[in-house]
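Taken in order, these protein sequences are the chains called A and B.
Sequential numbering from 1 applies to the first sequence in our numbering.
Sequential numbering from 1001 applies to the second sequence in our numbering.
I should point out that these hints are in silico values taken from the structure, not numbers from a laboratory.
Where is the CB? At the ideal position from N, CA and C, for every residue including glycine.
Any given hint might turn out to be false.
[To be verified] With the Cβ distance kept under 8 Å, some of the chain A side facing chain B (calculated, not the full set): (1) Met101; (2) Glu102; (3) Lys135; (4) Asn143; (5) Val148; (6) Val152; (7) Val158; (8) Arg161; (9) Met240; (10) Gln242; (11) Val251; (12) Arg252; (13) Ser270.
There are 2 protein chains.
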Amino acid sequence: MLTERQLLILQVIIDDFIHSAQPIGSRAISKRNDVKYSSATIRNEMADLEELGFLEKTHSSSGRVPSEQGYRFYVDHLMSPFSLSRQDIKRIQAMFGEQLMEFERVVNKSAQILSDLTNYTSIILGPEVFETELKQLQILPLNTHSAVAILVTNTGHVEHRSFTIPVELDPSEIEKTVNILNEKLQGVPIYKLNQKIESEVVTLLKKHTNNFRKTYDYIQAALFSEQPTKLYVSGRTNIMNQPEFKNIDKVRDLFSAIEKEREIAPLLRSQDHGVNVVIGHENEIEAMKDCSLITASYTLGEEHMGTIALLGPTRMDYSKVVSLLNVLSGQMSKTFRAWYQNY
Amino acid sequence: MLTERQLLILQVIIDDFIHSAQPIGSRAISKRNDVKYSSATIRNEMADLEELGFLEKTHSSSGRVPSEQGYRFYVDHLMSPFSLSRQDIKRIQAMFGEQLMEFERVVNKSAQILSDLTNYTSIILGPEVFETELKQLQILPLNTHSAVAILVTNTGHVEHRSFTIPVELDPSEIEKTVNILNEKLQGVPIYKLNQKIESEVVTLLKKHTNNFRKTYDYIQAALFSEQPTKLYVSGRTNIMNQPEFKNIDKVRDLFSAIEKEREIAPLLRSQDHGVNVVIGHENEIEAMKDCSLITASYTLGEEHMGTIALLGPTRMDYSKVVSLLNVLSGQMSKTFRAWYQNY
DNA sequence: GTTAGCACTCCGTGTTATCGAGTGCTAATT
DNA sequence: AATTAGCACTCGATAACACGGAGTGCTAAC
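Go ahead and model the full structure; you've got the sequences and the hints to work with.
Here it is in structure tokens:
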């Protein structure tokens, strides 16, 4: 168990280091008003804290730097709550005050605000709305050989895809099929669509349409194939302002990792709901080993919709970021709920 | 006017430098099989070429490096045509062979291919389809106080936006208005919509609906407000592999510039159609002063749809990039045309 | 338990020397 | 007159070295 004094010193070191990015020496600490011990005492305590694994040296005669374990302890026990500046709060409110009305735009703007206010890189996943229900299916012919398929959910989410109509298919058959699907599938949750079709609609389709299989397969491909959840990244360049990323190879590796949406999306999705802090090597992705990722999830009613996250060096301003994510995820959830109160 | 020998030397220097990124010395040139002059002769010629502004030295006793004027001359007069490798061609064909059928996806994939095959950063603008005609307007109520508006064009382009219905508006009025608009506006080019409404539809609406202004204003905001053309960027990290971008500040400035879509989009849009090369300081944007930007446009039928571009250091493989852009923009145009033959 | 004092360590910086690639110029060669 | 060999010179890159400063660990004194 750490003593009061050790806690104080650890906190001071981490707070200082987060802002200065320089190893902290014993003299600098003992000079502070809130610390009334001599540098020698501090030195002894620092040696102990190092032995316990909370601090590290960059070389044998350097000041101390927090270890990952140190950050972990700080985040779990030491961090003092951060109050956002009046300005920042205004900025957030202003954004949600706009008559945006569009998931995409809210998410996009949120990403921008996050990266602007923190100077880190923001990543937002979503919104994904599994339990969303089908509102309308539509196939709109554009000319003799192409059409656009549109799917609308009860949350106002729209998916669409253009496709060519194979010559062997009869447009009127397609129309008939879509009509039946549309009628039978209203209100069915998206993730149950395929199942519902197979169990209830297929027999009906067989009865009312010729060449059922071909037509249906085609519509299936056009409408029901999964689209990957979108990832919104903002403030990529912020990371380059951090002194720990002066080295271009590091930056390249990190950027490459971020561009691999197939890997980042599941990572964000797998985080606990609520605010979540992943420090350094706790992170699975190699290139993020000296980054921290802080996530929070936003919801629609009770249902989880997506994740907002900030990516920065392990020397991150955890307390600011955590409270900012808290505020923003709350605002997003509140906004979405307001739009779909009776959802 | 340059002599044959000067042309040869200039070409050799630029070709070499494009691949090595190292200043080229007289000895290295004279050793080549296709050059049969001594290093002293080459030195003399190089001094002349420098005086003429085609070459530069990095310091007083260094080898030569092409100047921007040198690159310009190379691009305009010296560049030998490049044949893409069988592999590269296959890759392109494979992509266009897929049953993609979606502007967005084609554009996205094209951006990826461009950056993959060149190791530069690709930027694609579009597609913007001004002369596109309205196919269908629709407003779909989601619940008592929100709805989604969908606009489809004859090219299969879909725009949509969710919005809340103000209490003072009558949903049935909205429906009536949309019905009228839909009926009267089919086939009207998007960019003429507002004009057409004012000149022909307004009177009709006034007759058939109450509270016309408010309802119409609302629909106008929901459906007809301009959405900025999308920008697709791929291979951002490629630029960091270039030795001229080892310096992180340069990279940051360049990245920041690329993120400013409001500035990049007009830049791409303003280029001449066909392939276009902008070298170094010819570029308007400060952060791109030591980059080159090569653009080409793609079309739907006769109509310009958008621009594909590659961004790299001034020491770019111009001949490869130019022919690649040529091939790809052609393929895109061909594909789009095939989809909408009777457009 | 705390602190003053001191020897020691290591980074960062500036200096100097050296090496090599490349140039410009002059004089010799073709 | 054009080309080339030869040579002195320039500059960047690299390595070796000394030195000052910030910081530590340890011992002994308070």
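Outcome of the hint check:
no.: 1; hint: Met101; result: holds, 5 Å
no.: 2; hint: Glu102; result: holds, 6 Å
no.: 3; hint: Lys135; result: holds, 7 Å
no.: 4; hint: Asn143; result: holds, 5 Å
no.: 5; hint: Val148; result: holds, 4 Å
no.: 6; hint: Val152; result: holds, 6 Å
no.: 7; hint: Val158; result: holds, 4 Å
no.: 8; hint: Arg161; result: holds, 6 Å
no.: 9; hint: Met240; result: holds, 4 Å
no.: 10; hint: Gln242; result: violated, 10 Å
no.: 11; hint: Val251; result: holds, 7 Å
no.: 12; hint: Arg252; result: holds, 4 Å
no.: 13; hint: Ser270; result: violated, 25 Å
Hint violations for this structure: numbers 10 and 13, all remaining hints satisfied.
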